Amino acid sequence: MIINHPLLGPRDASEFTYLGDASLIDRPDGTAENAADAFYDYAYLRDNPAGEHRELWYHEAGDRSWLVVTRNTLTHEISKVELARDVARTRGRSK
Amino acid sequence: MHDLVALTALGGTTPRVDTVGPVTCSEVPDVALASVTARLGHEAATQDELARLIGTATPTAQRFAGDPVTAFWSGPDQWMIEAPIATHEDLAAHVKTAVGTVASVTEQTDAWARFDLRGDGVNAVLELLCQLDLRQFQSGHVARGAVHHIGCFILCRSADHVSLYGPRSSAGSLHHAVLAAMRSAH
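Quick note, the sequences are listed as chains R and Y, same order.
Mapping the first sequence onto the working numbering, position 29 (from 1) lands on 29, and the numbers just tick up by one.
Whatever position you read off the second sequence (first residue = 1), add 1000 for the working numbering.
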């Protein structure tokens, strides 16, 4: 499998490690009233789609950047690769 | 305490040099290093200050530039600065003065060991060592990748001159890997 890194171009999947669902970016506010419920959802509940899935990959044997990879779990086709920090910033994180 | 002996990363008192066929691998201990990371919101300012420091445009992704103070790209909004230790022993302080509060600077001199590969058959050795696309790996190009499971920076200074930076604590393993590849290729 080849992951087309947005800065470095096509790189072999062996250079990357997989973390999990890209929704991990949306960490709940720990000081909110409903923090316990929100963290229960955040830590334990995942969608398990047969089809397009957004997931976090880490370019460990490369430039150490985190990526959000959109991958089809049925065909393994990768349709989109973004820098995770760009995704996080568009969602209002890392201000 | 004032009678310490300077040792290279491989533990010798002089830099190790090995030649196999057309390729020579030499340990390069006389380099000072410091890393620079732009602070959030100051990415453009960091590039401006670095350009002033190295005397040329700040290198973009996978590039390096500048002489004798060189900056090479190490990640998004991150660079490593290298300079001769004879003139820049206090490189981190020098860089910190240059970038001020727009970036964070970390001393890296003794964190890395550098090996230079020279000779016509350098690419044949690199083919065995790493997964780089060597057709794209031209002069001025830097890559970060795994060499024998060791995370390294690889700089293409010219067609027959490549620098390898690996973690100093793994210098022996990296040197072994490079020598094994040189013997296999030539």
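For the record, the hints were derived by calculation from the structure and aren't laboratory data.
Source: prediction; values computed, not measured.
Where hints are given, some of them may not hold.
What the hints assert, rightly or not - Here are some, though not all, of the chain R residues that point toward chain Y, as calculated from beta-carbon distances under 7 Å: (1) HIS53; (2) GLU55; (3) ALA61; (4) GLY62; (5) ASP63; (6) ARG64; (7) VAL68.
Claimed, not checked - To give an idea of the interface, some chain R residues facing chain Y are shown, with a C-beta separation under 7 Å as derived from the structure: (8) LEU7; (9) ASP26; (10) SER65.
Here a beta-carbon is modelled for each residue, glycine too, at the ideal position from N, C-alpha and C.
For this session: Provide an ascending list of the numbers of those earlier hints which the structure does not satisfy.
Result: 1, 2, 7 and 9
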